[in-house]
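Now for the letters of each chain:
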Amino acid sequence: MSYFSDIYNGIKTLLTGMRVTGGYFLNARKGTLTQQYPDNRETLKMFDRFRGEVVMPHDENNEHQCTGCQKCEIACPNGSIEIIWDRAIVEETGKKKKKIDQHIYHLSMCTMCGLCIEACPTDAIVWAQNFENSVYDRTQLTKVLNQPGSKVKDGIED
Amino acid sequence: MTKSIHDWLFSILPEGIASITEMVLIAVAYLALFAIAGLYLVLLERKVAAWFQLRLGPNRVGPFGIFQTMADALKLVSKELTSTDRVDKFLYNLAPYFVIVTALLAMTIFPFSKQLQAFDINIGMFFLLAISSIGVIGILVGGWASNNKYALIGAMRSGLQTISYELSVGLSILTMVLLTGSLQLSEIIEIQRTGGWLIWQGHIPAIIAFMIFMIAGTAETNRAPFDLVEAESELGAGFHTEYSGMKFAYFFLAEFINMFIIASIAVVLFFGGWLSPFGITEGITWFPEVFWFFIKVLLIIFLMMWFRWTFPRLRVDQLLTLEWKYLLPINLVNIVFMAIVIWLNWIL
Amino acid sequence: MTNQEIQHIIASWSDKLEFTEEESEFLNVIVPKEELYTICEQLKANTDLKFDYLFCLTGIDWGSALGVIYHLESTTFRHNIVVKVKISDRENPIVDTVSDIWLTAEFHEMEVFDFFGIKFNNHPNLKRLFLPAEWEGYPLRKDYVDEVNMVIK
Amino acid sequence: MSKDQIIKSNFKTEEYFINMGPQHPATHGVLRLILTIDGEIIRNIEPDLGYIHRSIEKMCERDSYQQIVHLTDRMDYLSSHINNEAVCLVVEKGLEIEVPERVKVIRTIIAELTRIASHCLWWGVMGMDVGALTTYFYAFRDREMINDIFEETCGARLTMNYNIPGGLMFDIHPNFVKRVKDFITHFKTKIPEYDRLLTGNVIFQKRTKGIGILTKEDAISFGASGPVARASGVSCDIRKIHSYSAYDQVNFNEVLFTEGDSLSRYKVRIQELWESLSIIEQLIDNIPEGDIKVQTKAVIKLPKGEFYQRVETARGELGVYVNSTGTKNPYRLKFRSPGFSNLSVLNKIAKGYKIGDLVAIMSTIDIVVPDIDR
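Heads up: the protein sequence lines correspond to chains F, Z, U and B, in order. Everything in the first sequence is counted per our numbering, starting at 1 for the first residue and increasing by one. Everything in the second sequence is counted per our numbering, starting at 1 for the first residue and increasing by one. Everything in the third sequence is counted per our numbering, starting at 1 for the first residue and increasing by one. Everything in the fourth sequence is counted per our numbering, starting at 1 for the first residue and increasing by one.
It should be emphasised that the hints constitute simulated quantities derived from the structure, not laboratory data. Only a predicted model underlies this, so the values are computations on that prediction, with no experimental measurement involved. Note that the Cβ used here is the ideal one computed from N, Cα and C, for glycine as well. It cannot be assumed that every hint is accurate.
[Claimed, not checked] Chain Z is faced by these chain B residues, among others (derived, beta-carbon under 10 angstroms):
(1) E14
(2) Q23
(3) G127
(4) A132
(5) F137
(6) H186
(7) N201
(8) K351
(9) I355
Chain F extracted, bound-state conformation (with noise of 0.2 angstroms):
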């Protein structure tokens, strides 16, 4: 007898799970999993926290607010960032103090895990949505933080 209701059994299972993939079938006008990527830009945004790469805001008067304390470079497990300094005398005090020349970013060797920006003492650098970082060649993923003729804003201290 078990034999018919082995039958039985298996038959209804069968077409329970019919009926869940079925659902979905007449349901699949309505919405779709997945994304259409490339024709989605524009309305594709990011959540705040996103880890893209790592920026350094400058403002509008082409200040930013890195005083090279290198605790970025430090923290980083990777390497990925090389602080290029230099020191510069200060106008007002006569004193020399610490100067970015380059604040170099190798986001090729980046694993996002966020330990610079944590080790940042003056927010000077910031993660950025931005998540296409494809390129044809691997030094285009060097970059160099600090935009040219950049300073430190005034007041920042670490």
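Given chain F, work out where chains Z, U and B should sit, using these hints.
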């Protein structure tokens, strides 16, 4: 139209050449038709799968992606044919043609409508059964000649599967043949014009026969849940692991044409072929009867796709258990049942 | 069972064992490598201890000696013990396998062999597990040098 | 003479080798299994590992404790938050600092979300491995919601690195609670659907029931943990036995089955989805206010000694053994990964079954290869 071409050909050419030309023309027409039909079945499969899975499916090439599979075919044609050094060259190259030719051969005898039929032979069903089991030789040869262990396992499974399920397909067809008393496809359809579709005429045994036929037919075409031959999570790609380019495409296309064949048999045997439901287009002379045939075939194909995108795959020994312990005994009992039904004239 | 009681039981098996609870949350027992197998066998078999779950097997390079650390737990009593064995011969370190006592040790010992070069007597299938068979040296040893691939900060 | 003996005495069959992997759909990564096969029946399985070994343990010996955390994302990438938590807990244990209640609760909620996400992915892949391809997309639909929650709060979807020694990198996003609640209501309707689609299916039942049986003794001896061991009746839930974070504040059941076959391993995970949901439900409404981190020194130096922390990842017990000499780097750091021990049972339980069964068994063991290779 076919008649006028026929007359025209015979008028301008000597008889022998004319008939050969006519055959070639028909062959070319069928080839073109089913190559394209196969391609669109692939597209349909992809679309249906996408809708089951809450995706969109192909939508880049042409509106709604209707040229997608054309583009794929183009790509496959232009692809380099690679193979390993150790393959058995002759058999390796032969195998895909085995599969595709047998699939196309079976297509020839289907009556798509009253007029549209290449051959109307009186042993049509028998011919179909004979032809459809040749394809497996291609799979076996392909798997063997590839000199790849995965391909070999796939090929062996294929042999196992086809030999077993051929029985069920045959017996379920036999059940219906009992009812029709004819093997000729056009005659089988004509019988249904008066008494209603065979699944209606034969009621319970016919429904059982239909269910068995669908299960065994899915297995015959090596489709999920019986796709042990390919079984991508177990064997990579099974018997066609080593095939590339157009040779792979032949296997691929053959699978879909086989699916079309199984669905066509089901339509002819159970759902009245090109007859319209309840005779709604009976009186309209201009209405193409072929429309009903294709609609029914597509519905059955959809059912097979539904199976594929819902069920997990069986294991190889469960496949045999299902056939020998369940389908075959039920089928045999069902034949006797059908015979009793006919004997006592319980036909509706 | 408290650590004292465990220590009391184990100490009676041999007089060459050293116990310590400093710098660790578990009871540590340092076993001479000759006695390792018999001690481990008893740790599992003893009905009061029943250390049947070897949850961690670590190889370690102490500089002067190589060592293997076995973290054991009893799934019935939920008490833990750490067994340590020191092997002072760095050139040809050999210690008995415990893979027939705790089956999990088979894989873990292969890993230790792979990275520390400690050989295990009677191991059923001692081979390099992660690294290719022709790899030279044992990377997790402190004196391993690979100037190409290792970046020292 | 039994049937097998008769066959053996009359026939001579040849065994042959077959390489499953490093590229194979069922090995879920770059795992290579050298199978000895007789027809379709598996006689021996020898795993060959190391195709994705990155020497994380050696790298840890050169990194500071903050930096180690992000490396663990890359081990069991499906339980990355729990891996992070393990390292943070061991450092906190060494420094003897107590993190604020808020941190504990948030860590627990995210850890359970991670577990659900991991089990979702596993369910989808399990379906694929036995041939039901549609499961994958349904599972990913639900996993996507969790990933969005993670992305909004932690900034990353997979390798989150949200924990730091002493607390969390930043506070949860204001939308977090609402999104998690939405997810709970959504997911509660979806688990029964999982059951209807796959669990109840007669083919699936036949494929998994009574296949690959792992006995309780073997499970303990092989060091199996997580759902693999719990399906064999071994009580091994670290969340209960050595409770950490906020697990002592919540009620949940340890899911135990006794059969030890593929189906019970499957069922354990499905049940765990419900348990994880219940844990989150208990915590989500009353996340205590407070700090999100304890300020640690910029250079963390653990005191001399040995520290061991065990956590329950989605795959089982993850142990972090730290041997410190008092410097800013660990002297030796060992990850006892659950996948490594769970993989070792494979040869024992899959012998004598067919290739199709092996795929199903591997799937129920839920292997993540980077976790095995580290």
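| Which of the listed hints are not met by the structure? | When the structure is compared with the hints, numbers 1, 6 and 8 turn out to be violated.
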